[in-house]
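**Student:** Spelled out, the chains give:
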Amino acid sequence: MQDPDPFPTNVDVDRERQVMEITWEDGIHSTYTGEQLRWACPCAECRGEGGMSGRLSRVQTLSESELRIRDVTLVGQYALQIAFESGHATGIYTFSLLRHLMA
Amino acid sequence: MAAPSSQQVLDALGRIKDPDLGRDVVSLGMIKELDVSPQGKVSFTFELTTPACPVRDRFKSQAEDAVGEIPGVTGVEVRMTANVRPAFMRPKPSEVLPGVKQTIAVASGKGGVGKSTVAVNLAAALRKSGASVGLLDADIYGPSVPVMTGSKVVPQQANGRLLPIEAHGMKLMSFGHINPGSEPTIYRGPMVGKAIEAMMVQVDWGSLDYLVIDLPPGTGDASLTLAQAVPLTGVAIVCTPQDVATDIAVKALQMFRKLNVTPLGLIENMSWYVCPSCGHRHEIFSHGGAESAAKRLGVPFLGAIPLEEGIREDADAGTPVVISRPESAGARAFVEIASQVAARTSIQSFRQLPVINVH
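These protein sequence lines are chains A and B, in that order.
Per our numbering, numbering of the first sequence is gapless, rising by one per residue and ending at 108.
Per our numbering, numbering of the second sequence is gapless, rising by one per residue and ending at 1730.
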């Protein structure tokens, strides 16, 4: 395992277009939609834990307010916390996860 | 002969490279207040990123030599100063610990490897180099800092905030100050997190170059809380040379890596013991374990500290050994390690935290 993953240098969240753009310190840009981020939520409720299946594997669709990003904050120096308009905000998206999410 | 131009002087100084930051000292902004007199006398300020800079003396003589060789120079005056830069170019002042420039965590995998002793002496060595230093004892269950610094007093309050305790020129705060006596702290995990947050937010740390944080052993609540609540500059991991300690130190280090906290390196404690009666050097816990683990993991090895009775005696008596016996082998090892740690943290001050813009 090498030293920490690349840092984002800039995180731009456009709530109107529902797009989050990240510029990484190695110059790479990545773009995420609210919908994509919501379905990738890594929290225990969404993913499941201890053998229980998570909510995201049980539901087929999510409502509009569940998919809309409300706010993004920094956690320590390893992750972003993304809050959605439905109030769901338990997902801690590590930089490493965000790096792997980009296609 | 005509006096040289300022540009000539900067060109000459631009050939000096900072070994840790890997760039020349001019582009790093370390050369300030440059003045060249018509008679060819050159004077400038050389601003280091830490007063504990391991190459301070080398920089000074390199600068004198580089400038002295320029034709037309009749004299060189180098003023060495230091200005600790905040870790990360922060988009805005941090809400937790706003006046603290660098936060250095001292952690270990196993208990009993001398982590608190290292933290106390590391802080004292940074203080001795001229930096302003705080020491936060985040070991809620086994706070050792009050005894080791001879500061078993209850903190005062002002404006609803706790004032840190001053001892040996450092600002200190420990749960042992808040909950003195022999009553144990019986807390479940979430309360440990709250207690640590309170020691950061509710304590008036003021402005500090370095805040050294003594963590409890292991990879539990305290370490997690800290990594989530503050952008830590980095973490130094303490271990003893034997396999059982280095193996677990590696786990601790990997945990911090997962949290993107930069490993500053490994410190080997209780490296050797010099028998006072025969003068023979014994390696009780084996030899070189931390150094080879550091190599394996690709992190710096920060140094080794001998097992000395004086270190233990002075810790129990409340004065860190770097202050009470500065000439001892132990104290010299701590000072050397402190400057390595300071150098590693300086590198972080050239990294940037993300700017988040929600609109």
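Treat each hint with caution, since some may be false.
Some, not all, of what chain A presents toward chain B, calculated at C-beta under 8 Å [unchecked claim]: (1) 12; (2) 14; (3) 15; (4) 38; (5) 76; (6) 77; (7) 80; (8) 100; (9) 102.
Note that these hints are calculated values from the structure, not bench results.
In this text, all values refer to a predicted model and were calculated from it rather than measured experimentally.
All C-beta atoms, glycine included, are put in the ideal place defined by N, C-alpha and C.
**Student:** Return the status of the interface hint for residue 14(A): holds when the least beta-carbon distance to chain B is below 8 Å, violated otherwise.
**Tutor:** 6 Å, holds
**Student:** Would the hint on residue 80(A) stand, with a C-beta cut-off of 8 Å toward chain B?
**Tutor:** 6 Å, holds
**Student:** Given residue 77(A) as an interface hint, is the shortest Cβ-Cβ distance to chain B below 8 Å?
**Tutor:** Since the shortest Cβ distance to chain B is 6 Å, the answer is holds.
**Student:** Was the hint right that residue 12(A) lines chain B, CB cutoff 8 Å?
**Tutor:** 6 Å, holds
**Student:** Would the hint on residue 15(A) stand, with a C-beta cut-off of 8 Å toward chain B?
**Tutor:** Hint holds; residue 15(A) Cβ to chain B Cβ min 5 Å, cut 8 Å.
**Student:** Min Cβ distance, residue 102(A) to chain B: is it shorter than 8 Å?
**Tutor:** Violated - the Cβ of residue 102(A) stays beyond 8 Å from chain B, reaching only about 11 Å at its closest.
**Student:** Would you check whether residue 38(A) satisfies its interface hint, that is, whether its CB is within less than 8 Å of any CB in chain B?
**Tutor:** 15 Å, violated
**Student:** Using Cβ atoms only, decide whether residue 76(A) comes closer than 8 Å to chain B, and label the hint accordingly.
**Tutor:** Where the cut-off is 8 Å and the nearest Cβ of chain B is about 6 Å from residue 76(A), the hint holds.
**Student:** With chain B as the partner, please determine if residue 100(A) meets the hint condition of a C-beta pair closer than 8 Å.
**Tutor:** 6 Å, holds
Against the hints set out earlier in the document, violations occur for numbers 4 and 9.
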